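Q: Take a look at the letters that make up each chain.
There are 2 protein chains.
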Amino acid sequence: MSTVLKGKPTADALDLDTSARVEALKAKGVTPCLAILRVGEREDDLAYERGALKRAEKNGVAVKQVLLPEDVTQEALLAAIDGLNKDDAVHGVLMFRPLPKHLDENEACEALAPEKDVDGITRGSMASIYSGKGAGFAPCTAESCIEILKYNGIEMSGKRAVVIGRSLVIGKPVAMLLMANNATVTVCHSRTKDMPSVVKEADIVIACLGRAEMITADYFTPGQIVLDVGINWSEEKNKLVGDVAFDEVEPIVDAITPVPGGVGSGTTAVLIRHVVEAAEKATA
Amino acid sequence: MSTVLKGKPTADALDLDTSARVEALKAKGVTPCLAILRVGEREDDLAYERGALKRAEKNGVAVKQVLLPEDVTQEALLAAIDGLNKDDAVHGVLMFRPLPKHLDENEACEALAPEKDVDGITRGSMASIYSGKGAGFAPCTAESCIEILKYNGIEMSGKRAVVIGRSLVIGKPVAMLLMANNATVTVCHSRTKDMPSVVKEADIVIACLGRAEMITADYFTPGQIVLDVGINWSEEKNKLVGDVAFDEVEPIVDAITPVPGGVGSGTTAVLIRHVVEAAEKATA
Chain A
94 MSTVLKGKPT
104 ADALDLDTSA
114 RVEALKAKGV
124 TPCLAILRVG
134 EREDDLAYER
144 GALKRAEKNG
154 VAVKQVLLPE
164 DVTQEALLAA
174 IDGLNKDDAV
184 HGVLMFRPLP
194 KHLDENEACE
204 ALAPEKDVDG
214 ITRGSMASIY
224 SGKGAGFAPC
234 TAESCIEILK
244 YNGIEMSGKR
254 AVVIGRSLVI
264 GKPVAMLLMA
274 NNATVTVCHS
284 RTKDMPSVVK
294 EADIVIACLG
304 RAEMITADYF
314 TPGQIVLDVG
324 INWSEEKNKL
334 VGDVAFDEVE
344 PIVDAITPVP
354 GGVGSGTTAV
364 LIRHVVEAAE
374 KATA
Chain B
94 MSTVLKGKPT
104 ADALDLDTSA
114 RVEALKAKGV
124 TPCLAILRVG
134 EREDDLAYER
144 GALKRAEKNG
154 VAVKQVLLPE
164 DVTQEALLAA
174 IDGLNKDDAV
184 HGVLMFRPLP
194 KHLDENEACE
204 ALAPEKDVDG
214 ITRGSMASIY
224 SGKGAGFAPC
234 TAESCIEILK
244 YNGIEMSGKR
254 AVVIGRSLVI
264 GKPVAMLLMA
274 NNATVTVCHS
284 RTKDMPSVVK
294 EADIVIACLG
304 RAEMITADYF
314 TPGQIVLDVG
324 INWSEEKNKL
334 VGDVAFDEVE
344 PIVDAITPVP
354 GGVGSGTTAV
364 LIRHVVEAAE
374 KATA
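If you read the protein sequences in the order shown, they are chains A and B.
Under our numbering, the residue at position 77 of the first sequence is numbered 170, and the numbers go up by one with no gaps.
Under our numbering, the residue at position 4 of the second sequence is numbered 97, and the numbers go up by one with no gaps.
The hints are simulated quantities; they were obtained by calculation from the structure and are not laboratory data.
Here the structure is a predicted model, which means the values were calculated and not measured.
It is possible that some hints are incorrect.
No copy is singled out in the list; a pair is fine if it fits within one copy or between any two copies.
Pairs of lysine to aspartate or glutamate residues, derived as EDC-like cross-links and limited to a Cα-Cα distance of at most 16 Å, are as follows [what the hints assert, rightly or not]:
#1 Lys243 to Asp296
#2 Lys293 to Asp181
#3 Lys99 to Glu136
#4 Lys121 to Glu168
#5 Lys330 to Asp311
#6 Lys119 to Glu200
#7 Lys226 to Asp197
#8 Lys243 to Asp164
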């Protein structure tokens with residue numbers, strides 16, 4: 094029987110700090126504001142947006158929604174980003190990705206003002222994450238993993254961490270953050286041979302390959318801490334599932350985050366804190 | 094008895110390609126030019142500079158030396174960098190580091206024009222290395238490791254690689270390059286527990302922690318490939334030694350680079366190739 098590491102207590106603790114900082118900003122006449130830029134009506138964007146709206150409201154953070162049609166042109170998208178860059182009332186921008194295929198996503202990311210990049214999508218933010226130097230924010234989901242570990246008193250220093258997945262959205266940044274916290278980090282991916290034996294070496298496992306319940310009982314050993322970043326729709330089970338086969342892995346390991354209600358639940362709390370930090374910097 | 098992987102054959106193979114490209118550029122009236130910016134007279138800077146000058150001459154690449162006194166002001170250093178940025182005859186700039194302590198090294202690095210950053214010191218280059226996207230060059234020593242593996246037909250895909258060291262100059266970039274070549278990469282550092290057992294898991298070991306002969310026989314097992322990036326002066330032995338205790342490790346492993354004459358011998362060849370690539374881009 095393992096501990097189920099829900100994200101909510103971590104998020105609540107972050108909110109406590111965030112909302113106090115929002116009050117301090119408001120006392121100075123500044124209302125922190127997140128702009129959400131969404132192209133089209135993808136179901137997972139909408140779900141995340143609902144969570145972000147709720148979290149912002151809870152913390153007293155304003156939200157400006159910019160909704161563009163699925164067939165928006167690159168020019169119109171860039172104009173919308175430019176408008177948010179120039180709007181002094183907006184402190185952070187969340188742009189949902191992936192963008193529709195006809196758009197140049199790299200160009201759109203780079204168009205965003207670095208100081209408003211609260212989800213770590215610009216090259217400047219990447220340089221900060223990679224080097225451990227500079228003002229850029231990490232992607233919120235990667236940071237949510239670290240916050241959940243910290244909140245639950247799980248030591249990273251000197252521990253072996255295995256990250257399954259090497260994406261720029263989550264695998265690479267969470268590896269860099271774990272390394273910055275003095276973990277000994279291994280990154281696995283589609284070309285890794287005998288992945289179960291590599292994952293078994295870990296004290297902390299971060300699953301973020303984006304494939305439903307791919308990581309099964311044979312990857313695990315007692316004593317491990319498992320953070321499951323995957324959010325996948327299972328046709329078979331007719332519900333959301335993680336990258337880890339929760340039902341068979343939970344009895345083996347020491348602690349595991351559920352899906353939903355785990356890492357994802359911390360993500361919007363990190364997002365809103367980033368917006369508040371950006372507002373503090375803009376006001377300082 | 095293991096194979097001693099000297100850097101020279103790799104460097105010679107790189108030079109063969111580079112010098113042909115230099116000829117092609119000269120036929121268009123362009124002579125690729127490396128600027129070397131050195132502050133003071135540090136012995137290891139001077140040693141590397143001699144190697145770079147020789148390599149440049151061998152390949153028909155021009156060198157412009159900018160030598161500043163040890164007590165140069167930040168303003169004078171930035172002015173020198175600005176002058177090189179504006180000089181169209183200069184295609185790449187190598188600035189020796191560490192700079193003397195009174196100077197702001199981060200600011201100096203960022204002052205360099207990204208397209209002339211042939212040793213991967215700017216944040217733009219870091220974002221390229223981290224993301225695998227963009228035009229920035231990797232630090233030459235990190236890339237020399239990869240070139241030596243490739244030249245010697247050592248497969249990286251699916252292999253386990255352990256990098257000992259997490260510096261921005263070598264540990265982090267070589268880890269990213271190995272990952273881009275589909276190795277399963279683990280990064281060890283000063284906080285890693287039981288490092289010998291971690292290193293024993295590797296097919297490929299990159300030692301770059303910068304401490305003389307710290308990595309001893311107990312870290313290794315037969316079949317491993319060892320690249321020793323360290324260059325340290327041993328008072329005891331009165332000669333240059335690597336981070337690996339060569340004499341006791343060489344009989345155990347499959348192949349190992351010597352110090353000197355290993356990874357370092359490939360570095361200037363990569364540097365000069367970067368200068369030529371930068372000249373090609375500037376001319377295109």
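Q: Now look at each hint and say whether the structure bears it out.
A: Consistency of the hints with the structure:
Within a single copy, Lys243 and Asp296 get their C-alpha atoms as close as 15 Å, which meets the 16 Å cut-off; across copies the closest is 33 Å, which misses it. With identical chains, the CA atoms of Lys293 and Asp181 are never at most 16 Å apart, being 49 Å at best within one copy and 54 Å at best between copies. Neither within a single protomer nor between protomers do Lys99 and Glu136 lie at most 16 Å apart by alpha-carbon distance, with minima of 23 Å and 56 Å respectively. In this assembly of identical chains, Lys121 and Glu168 lie within 16 Å of each other by CA distance neither inside one copy nor across copies; the values are 37 Å within and 38 Å between.
In this assembly of identical chains, Lys330 and Asp311 lie within 16 Å of each other by CA distance neither inside one copy nor across copies; the values are 21 Å within and 50 Å between. Taking the shortest alpha-carbon separations for Lys119 and Glu200, neither the intra-copy value of 34 Å nor the inter-copy value of 35 Å comes in at or below 16 Å. When the C-alpha separation of Lys226 and Asp197 is checked against a cutoff of 16 Å, the pair qualifies only between copies, where the shortest distance is 14 Å, while the shortest distance within a copy is 28 Å. In this homomeric assembly, Lys243 and Asp164 never come within 16 Å of each other (Cα to Cα): the closest approach is 42 Å inside a single copy and 45 Å across copies.
Violated hints for the displayed structure, listed by number in ascending order: 2, 3, 4, 5, 6, 8.
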